[in-house]
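With the hints as extra help, turn the sequences into a complete structure.
Taken in order, these protein sequences are the chains called A and B.
Residue numbering for the first sequence is 1 to 458, as defined by this note's numbering.
Residue numbering for the second sequence is 1 to 257, as defined by this note's numbering.
Honestly, the hints are just simulated from the structure, not real lab data.
Some hints here could point you the wrong way.
As the list claims (entries may be wrong) - Some chain B residues near chain A, calculated using beta-carbon distances under 8 Å: (1) Val168; (2) Ser198; (3) Phe224; (4) Leu244; (5) Met246; (6) His247; (7) Met254.
Claimed, not checked - Calculated from the model, a selection of chain B residues having no Cβ within reach of chain A, i.e. all distances over 10 Å: (8) Glu7; (9) Ala15; (10) Thr20; (11) Arg37; (12) Lys38; (13) Gly39; (14) Asn221; (15) Ile222; (16) Leu238; (17) Glu248; (18) Gly249; (19) Phe251.
Note that the coordinates shown come from a computational prediction; the quantities given were computed from them, not determined experimentally.
Beta carbons: idealized from backbone N, C-alpha and C, even for Gly.
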Amino acid sequence: MFTSTKEIHETIRMIEAEHLDIRTVTLGISLLDAPHGNVESLCAFLYEKIHNRARRLVEVAAGVEDRFGIPIVNKRISLTPMSIVCEGLPELDDYVSVARILDRVAADCGVDYIAGYSALVHKGATTGDMNLMNSIPAALAATKRVCSSINLASSRTGINMDCVRHMGQVIKELANRTVHASGCARLVVFANVPEDNPFIAGAFHGIGEPDAVINVGVSGPGVVLAALRRLKRQGQFDDLCDITETIKKMAFKITRAGELIGRHVAAELGAPVQFGIVDLSLAPTPAIGDSISDIIEEMGIESTGAPGTTAALAMLVDAVKKGGTMASSSVGGLSGAFIPVSEDAGMVAATLRGSLSLAKMEAMTAVCSVGLDMVAVPGDTSAETISGIIADELAIGMINNKTTAVRILPVPDTKPGDVIDLGGLLGQLVIMDVPQFSSAEFVRLKGRIPPAITSSRN
Amino acid sequence: MKRAITERDVETLAANGKLTVTRDMVLTPAARELISRKGLEVTYSAEAPKAPPAVSGDQLNSVIQQVIAEEIAKLREAPSQASPAPLLGHGSPLPPGEAGSRPGEELAAPAPLLPEAAARDTRVAGVDADSMARVLDGVRPGASDHGHWISPGTTDGGPGSGAGERAVVTVVGQNRPGIVARISAIVAECGGDLADISQVILDRYFSMIFIVNLSGLSEHNISFRVFKERLQDEAVRLGQVQVLVMHEGIFSAMHEV
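Pasting the structure below:
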């Protein structure tokens, strides 16, 4: 094809000045062939299989990164849900041993996070599922790289409130075991969890997936922001359709870059590794200008959280999906826009200004790709209140046939407005105000919230 | 390896208002501008004896348009016979070597095509759109955006297929003499073949794009990474310039619909 000098310059500008990068290349590994029942043989198997598959991941990804000149920020591993792999282990300590082995193999492969310490309990929990959930505080406190996710609800099955209640307690316990509740940044609960999501902490290798697969998560809020600013400078920022067109074009380019990188990494790793999907989520970082909140504010919202925020976000997310699905037939994962509060400098600023509240965040999650992400609340928030927040969020997902999630950090000894710096990509936590009225009685009700009538589709 | 002919080279090579361009030379855009500014008479080496002397931009444009129209008419009649040769013979101001640098697969581009379609769909229209864009941009005084040929279809394949791979080397920074010479010398040392050059100068700053054919790197036992490192080391030595080396695949992936 004929590439103009302008297009070459545009590509370079996107990478050099606007933070375009591949956020993560995640290798999914199936562990369905793991031996059951004995912790020693299981641990030996896990180390050997994961190490064999993943030892070249970082090296290969670095080579592809070098070749195409586009940074790959994270190289990660996702696994078959550990509750399935570990089913039959008798002791909670065995689960912690497995988590330690995963931490070790991740370190030895040079990856920063390994995900899949997970269970799918949207309808009910097995003994193994319960063991895994009970082991989470000890397992995550004993490791640095292991990430955990629990699917608590689905549009087909409703919301498993028994496990929602239980996870409220697990989150509280984990928060108390780790500094600034930082362990809770590695634990996320879902409704309608996707099986091919490459993003941490919610990644796992679904049971409908092949032996080994490369899934790619792209980034690019900075690119979209810069494009909107250019549109403004050119005096063409007055029509909503023009704005969505601009976002669609940028999403197209970002997605194409992601697919190219994913296909090359998969091919160079060789069989049985296949290319899976591109998750075209706009994923912010604490870097200035790499923010979803800045895009919303660029659209004319004075401060994120002001009335109009949900509409602006809905338009952004939909345009990203349209551009991305045009670019690739392998779109999957969460795909949309992430709004993790601490990881987005603009969201942090909006929270500090008082324009962004927990209630507004919840409304925004009805139209964005995930949910209440990296939300910090005071440490004295009760387990029942946390379960209530989770139930609300999962209800949005269950009723609307979409993925929603909660990654919440009840930081001990803090009050609303406090700021805690977690460093790196996790960014700055601003403690949000939580409504003081109780939901304890509702949360204690047993069983499942039945699925919505829309689930009956056959 | 083609030699890059810069403004300074034009000054030294030109004798009595004439400049002889041989097949192993590539004129930089600045050199082309200097030639037209000074009204130098360009002659081509024995390999392209029919090349006429330089004429004014407007005259040349109309001649080229006419020739392209004729060529497209021929294409309609004989789709598989597409060839760029007659066009060059009629009066391209580019060195013959440049026109020959198109990837082989483009020569067999399917036809028939309307002129508008040819301009729009350069990937399919291969030969004619290429010639048109190159020639027209090449002769327009001050033309900076003459574009580059990038291999299509890289999104579908696995890792690079070896032969025929190309890199896009972009040099940006403060302008001063000698940058083209030093960068192209490194490219040559590594076994890279300079397929195309373009540059934009804005005040004291410039951006220069080299399209480098990498098939010769393996003969010199040089990997893409080493090639990149050598160029970046040179940028450090030059100072105040940045060199970016990227496989062409990223550009076709992002910009080809």
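Here's how the hints hold up against the structure:
Among the interface hints, the one on Val168(B) holds; its C-beta lies about 6 Å from the nearest C-beta in chain A, closer than the 8 Å criterion. Evaluation of the Ser198(B) hint against chain A yields a held restraint, the C-beta minimum of about 6 Å falling below 8 Å. Taking 8 Å as the C-beta contact cut-off toward chain A, the hint placing Phe224(B) at the interface holds, the least distance being around 6 Å. Hint status for Leu244(B) relative to chain A: holds, with the closest Cβ pair at about 6 Å, below 8 Å.
Satisfaction of the interface hint for Met246(B) is found here, the shortest Cβ-Cβ separation to chain A being roughly 4 Å, below the 8 Å cut-off. A hinted interface residue such as His247(B) counts as satisfied when its beta carbon comes closer than 8 Å to some beta carbon of chain A; here the least separation is about 5 Å, so the hint holds. A hinted interface residue such as Met254(B) counts as satisfied when its beta carbon comes closer than 8 Å to some beta carbon of chain A; here the least separation is about 4 Å, so the hint holds. At the 10 Å boundary, the C-beta of Glu7(B) stays outside the reach of chain A, the nearest C-beta of that chain being 19 Å off.
With a least CB separation of 32 Å from chain A, Ala15(B) remains clear of the 10 Å interface cut-off, as annotated. Every Cβ of chain A is farther than 10 Å from the Cβ of Thr20(B); the closest lies at roughly 28 Å, confirming the non-interface assignment. With 10 Å as the threshold on Cβ separation, the claim that Arg37(B) sits away from chain A holds: the shortest Cβ distance comes to roughly 21 Å. With a least CB separation of 25 Å from chain A, Lys38(B) remains clear of the 10 Å interface cut-off, as annotated.
The Cβ of Gly39(B) sits about 27 Å from the closest Cβ of chain A, beyond the 10 Å cut-off, so the non-interface label holds. Its beta-carbon lying about 17 Å from the closest one in chain A, Asn221(B) satisfies the requirement of being farther than 10 Å from that chain. Remark: the non-interface label on Ile222(B) is consistent with the geometry, its nearest Cβ contact in chain A lying 14 Å away (cut-off 10 Å). Every beta carbon of chain A lies more than 10 Å from that of Leu238(B), the smallest distance being close to 18 Å; the non-interface claim holds.
For Glu248(B), the non-interface assignment is contradicted: its Cβ lies about 8 Å from the closest Cβ of chain A, within the 10 Å cut-off. A beta-carbon of chain A is positioned within 10 Å of the beta-carbon of Gly249(B); the least distance is around 6 Å. In this structure Phe251(B) is not separated from chain A by more than 10 Å, as the shortest Cβ-Cβ distance comes to only about 5 Å.
This entry does not satisfy hints 17, 18, 19, going by the numbered hints stated previously.
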